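Participant: Here is what each chain is made of, one letter per residue.
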Amino acid sequence: MGLVAEQQNQNAPKQASPLIRIAGVAKSFPTPEGGSVTALEAVDLTVARGEFVSIVGPSGCGKSTLLYMIGGLVEPSSGSIEVGGSRVVGPDPKVGIVFQEFRIFPWKTVRSNVMFGLELQGKGNAAERLAIADRYIEMVGLRGFEDRLPKELSGGMKQRVAIAQTFACDPDVVLMDEPLGSVDALTREKLQDELLRIWRDSGKTIIVVTHSIEEAIYLGQRVVVMAPRPSRVIATYDVHLDHPRTAEMRTAPETAHLRNEIWNLVRGGVT
Amino acid sequence: MKAILRLYPIGLILLVWELSTRAKLVDPMFLPPLSAAVVDFWANLGLLMQDALSSLMRAGAGLLIGGGIGLVVGMAMARSKLAESFFDPLISALFPTPKLALFPLLMVWLGLGNGSKIALVALTAFFPIVINTYSGMKGVDKFLIWNARTKGASSFQVLTRVMAPAALPFIFAGVRIATSFSFLLVVAAEMLGSTDGLGFRILYAQRTFEANTMYAAILFVAVLGYVVDRIVGLIGRRLLAWQDTAA
Ligand SMILES: Nc1ncnc2c1ncn2[C@@H]1O[C@H](COP(=O)(O)OP(=O)(O)OP(=O)(O)O)[C@@H](O)[C@H]1O
Ligand SMILES: [Mg+2]
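Quick note, the sequences are listed as chains A and B, same order.
In short: position in the first sequence from 1, add 32, done, that's the working numbering.
In short: position in the second sequence from 1, add 1172, done, that's the working numbering.
Warning: the hint list may mix true and false statements.
[Claimed, not checked] Partial chain A-side listing against chain B, Cβ under 8 Å, derived: (1) A74; (2) G103; (3) G111; (4) V127; (5) F137.
Since the hints were made in silico from the structure, they are not lab data.
Small disclaimer: the values here were computed from a predicted structure and weren't measured.
A virtual CB, placed ideally from N, CA and C, is assigned to each residue, including glycine.
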């Protein structure tokens, strides 16, 4: 199996129908002094159905804000965002978000946290919800912690609960904001492979924001690079690595080359 | 055992009380011996129990009514700008008023029976609960709400399944304050105009120079107040066991 492949046929993002269409989106927030601070200006991005896209960029360039807007939690100041052909007007359970802050519900055990979305949506009966929850708890490696409260978990464990919580709801689109930031390196690699497996099996559309360029390359079919002042997308790289990913690809020369190229670009954008 | 040991300062004071009165250091009309008050308590157990029941019933009913309304109004204020702009100035204006000042009025409207006391307690209990519910729910972490909304929560579900439990520590602190206020106010109201209840019993004993009974009733009020607060505290600890607090 070659490490570098031309655009794969079954995952040809450019040709497939765009699921998420972001056009000229800007966002500014009012300041207490009566002025305004610009979080994003003029972002254009389209994501195909079933695509896995990584976003990297320096802190404060508006990555989280962009995800909130796609998820319908924050309204753009101008421009338009469409998901599945209709304009985003509010949150939709079809679009799940794993938040950077991974706030899970502190009064709920791990299991009831993971079941919560299913309960809210009235999906399945109690036994089915339990089975789904346990499956995702197992997936993120928290078996045996089902009945623990969040206060008894480490930061990385809470983050994994948040991931399970979102995937248990089975959204078509998953937006992940630095989902593995607090997870140790070993678990991180395992979860990256889990994410890729779910993505391949389910055909979900996934956007992941990460501070790790290596992670962005390993996960994404495309890496979108954002830059601050003005906040925008400055480049998009296609990742020519085969699926399924293998451990060797992490250290392959092509990966290192792409990593350096992106790194130089990001560094240039910062200074 | 530890808990009992911790209470030793109280035991010490009671001991000093008993010994100094036994030694005839103070006039028993001012301060009878503790043992005399305890003996009187047993002698009047039926009467005092009746009084305690009346007082607790009034405090409890007032707390439920005032607290229940406070909870609903506080939730409404946290969710709706309209409710917020309507109730906020009213609450700010009325909160500092000592509610006891309204009691003569309540007696005229509702009579000397349970109604006026329950109304007074309800008025008093309303404020700490409405204020704590409102500010607790206003302060709920945005990301908890967003987390639920992106998982399909309706605004009613956000209110009942996210904001209310998240604000529970605040709400519960309000309940605890309201409970002790309720007890305080019911005793005061019974002193002002009533024919039974522990407040009435204290004042009546004082007027008929029954120092032993007066102290028996005072001690009973003190113990009841303590027990009620402990029960509320224990419920709180069970309910809020999920809180991630230091120590
Ligand atoms: N609610 C808000 N009010 C005011 N300014 C905000 C708000 N949210 C974000 N900003 C500003 O918008 C900019 C982008 O923030 P955002 O959180 O989207 O960045 P980010 O790329 O996710 O950063 P990081 O990598 O550190 O998470 C920042 O300058 C931030 O100060
Ligand atoms: Mg962010």
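Participant: With a cut-off of 8 Å, does the beta carbon of G111 of chain A approach a beta carbon of chain B closely enough for the hint to hold?
Facilitator: 21 Å, violated
Participant: Can you verify the interface hint for F137 of chain A: is its Cβ closer than 8 Å to any Cβ in chain B?
Facilitator: At about 6 Å, which falls below the 8 Å cut-off, the nearest Cβ of chain B leaves the hint on F137 of chain A intact, so it holds.
Participant: Quick one, is the A74 of chain A hint okay against chain B at 8 Å, beta carbons?
Facilitator: 25 Å, violated
Participant: Is the shortest C-beta separation between V127 of chain A and chain B less than 8 Å?
Facilitator: 7 Å, holds
Participant: Once the shortest beta carbon distance from G103 of chain A to chain B is found, is it less than 8 Å?
Facilitator: 6 Å, holds
Of the hints listed earlier, those the structure fails to meet are numbers 1, 3, in rising order.
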